[in-house]
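Chemist: Residues per chain are reported as follows:
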Amino acid sequence: MKRTALPLVLVALLAAAFALQGVGFLGVARAQEPIKLTFWNYWDGKNGEVIQALVDRYNAEHPEVEIENVFIGWGELLPKLQLAVTGGDTPDLAAADMVWMPFLANSGALTPLNSFIEASGTDIADFYPALLAVNTYGDQYYGLPVSTNNLELFINSDLFAAAGLDPAVPPTTWAELQDMAVQCANPDQGILGLELYTQPGEGLTWQFQVYLWQAGGDFLTDDLTAAAFNSEAGLKALNYWLGLIDSGAYTLSDWGLFGQGQACMVMDGSWMVGIWAETAPFAWTTAKMPYPEDGEPATNMGGEHIFIMASDEARQQAAWDFINWFTSPEVQLEWDQQTGFMPVRDSVATNEAYRAWIEETEPRLLPFVEMQQYAHNRPPVQQYAELSDAFSAAIERALYSQLSPEEALAEAEAAVNDLLQ
Amino acid sequence: MSIVAPLRARWRQANRQGDLSAAALALAPAVLLFAVFNIYPLLYSGYLSFMEWDGFSPQRTYVGLENYQSIYESAQFRNALSVTLKYMVGVTALGVALGLVIAMLLNSGIRGQNIYRMIYFLPVVTSTVAAAVVWRYLMTPGIGYADVFLRNVGLTPPSPTWLRNPTWALRIVILVGLWKRLGFNIVVFLAGLQNIPKDYYEAATVDGAGVWARFRHMTIPLIAPITLMLVIMSLIDAFLIFDVVYVMTEGGPVGTTEVVGFLLYRQAFHYFNLGTASAMGWVIFAIVFTATLILWKFFGVRESGL
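For the protein sequence lines, the chains are L and Z, in the order given. Residue numbers for the first sequence follow my numbering, beginning at 17 and rising by one. Residue numbers for the second sequence follow my numbering, beginning at 8 and rising by one.
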């Protein structure tokens, strides 16, 4: 009897230990427990430190709430959110890539914010409309923008000087851009004039869209039901890219050559300013992206939006209070200054102190700040990821001379229209 | 009841020493884990393959065989199959042939056989992702050591270079896959070769058989089972590759390295077409299963007689 009794006693003890775990804490804390929220985002490096500091400060100032800042890498955040939704264990709030917003809002997993916005008196008109458009479905806001960025021209001053060009006199039109790129390029040494992103995928699509918009074109029709890039503007943009390859300003290669000092110019994002300020082994400067003489200034934008996934009313309110604080002009000003993100609120962008601070600490951010108003948003359709891949695959074939530019645009249009049905 | 009774009797007869129940109990945890983590997801993905689901929303729409049909009609899938086939043939043929040659060289009694074995086996136990990252860097034009070395030796790299070149990208991916797998083939072949008694060869030499005849009529048949096993393993492994492509080319210039594994990943985790991705998984399974069956039937039955 003793031999069977011992294991039984052990099992009973284990079971009791499990059961008592939950009870133990309840007994000790008589005071009001702070509401614990989990906040997922992919901000890492310097940005990760800044958000952690902000969250810590908010926690200290608001003892009734305890927010846990959880970093999840960009490539994993969306699949993890999906798993969380199916598993029923979502974070209370999260900040994610704006391109995912149409998908997330349509999934029904996000809490509509209109009632919170009204109750708090948040000045929604202060946010850039193009950014809000990504979050709005059926008149409800499902998130708020918290950071943005756009694409402008970076110039390697050392390579420019070596080629006899003046980095203080950047190109302002497509023609000048090509000429300077050809002059600066050195194919024998593997030096590109202007680096383009030519690998299939969103990287190609979002670079190409800038040229498309600058030529006066549109990616999709206004009602988002069909492709609009198979137009004169689209052909003009694609022919410009082919011209860059033919003239030797660019040779098909892997991405990342500018950062290694192997390219004279590149169109890249404002987030690279902070990164290259610390790591680039060459002198560099920035300029507004040149556009064709008969075209218009335009750029693409990215960024993160913050949204609520909690289902409990008390937690939703607590999450909203943090979001409202985080998106307030004062905190946004600090946030932008420390991370180099572009302002999402007009009041921050036009703030004199902000402008002065930029001119003092990092004037290379000025082209981005000034051009943010010309940023277009990518079409907020649910199938955007697939559209983008189909589009870029067709354009890539044109770049490899497997299709004529007209054929490539037509093929892309057919694929995109098929997906939009 | 009449079906159960004879089964019960047979069980009791076979289990009269109690060893079968002990075995069943011992196997139970492993079987349970396997069932929960392997069988259940497998069946569930079969269920999903008839649905349309984005992984987020609570609703799933039944679409019947539509997913399978769209895969059947998809030119992109056909391209992926052809790319995967090329990769498979490249890595398997070269891997097995080269593996056998090197194993035979190692078996010929040179010194330091163990060291060579270890060196060849190192890539096998290296993380594929880490290796692919390094290889990608090695092929970077102007900076990567492999590229610089080839330029110094006088070879002009193709334009566009290496991993961006539609002809070369797949070759490089095959090279990396081969490099990763070769050691395994060598080690297994070596073990098989060392199992052949030396007197067989001596007897054959006495009978007047030359080197080539000994190879063709003795070595090949005697290691046939091992060869078959390595070919099948290599085929299955090659059909499922993903990491090398993901790290080095992401489907490569104009789809020349877009393998089925990569298509599946994109459908599932970029586009969230979980129904299509599940269907794709089952199609891949069916192809690999059929190929394995055919190989087994065709080559496995032959007796390894002298």
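Read the hints as simulated data drawn from the structure, not as lab findings. All of these numbers come straight from a predicted model, not from anything done at the bench. Positions of the beta carbon are idealized from the N, C-alpha and C atoms, including for glycine. Warning: the hint list may mix true and false statements.
Where chain L lies over chain Z, by a calculated footprint (3+ residues, C-beta under 8 Å) [said to hold, decoys possible]:
id	stretch
1	34–46
2	55–65
3	215–222
4	232–241
5	257–269
Chemist: Determine for every hint whether it applies to the structure shown.
Modeler: Outcome of the hint check:
1. Given a C-beta distance limit of less than 8 Å, the hint that chain L covers the stretch 34–46 of chain Z is violated, as 0 residues qualify and 3 are needed.
2. For the stretch 55–65 of chain Z, the proposed coverage by chain L is satisfied: 5 residues have a C-beta within less than 8 Å of a C-beta in that chain, meeting the threshold of three.
3. Coverage of a stretch by a chain is defined here by at least three residues with a beta carbon nearer than 8 Å to that chain's beta carbons; for the stretch 215–222 of chain Z and chain L the count is 0, and the condition is violated.
4. With 0 residues bearing a CB less than 8 Å from a CB of chain L, the stretch 232–241 of chain Z misses the requirement of three and the coverage assertion fails.
5. Check result for the stretch 257–269 of chain Z against chain L: holds, 5 residues qualifying (beta carbon to beta carbon below 8 Å, three or more required).
Checked against the numbered hints above, the structure breaks hints 1, 3, 4 and satisfies the rest.
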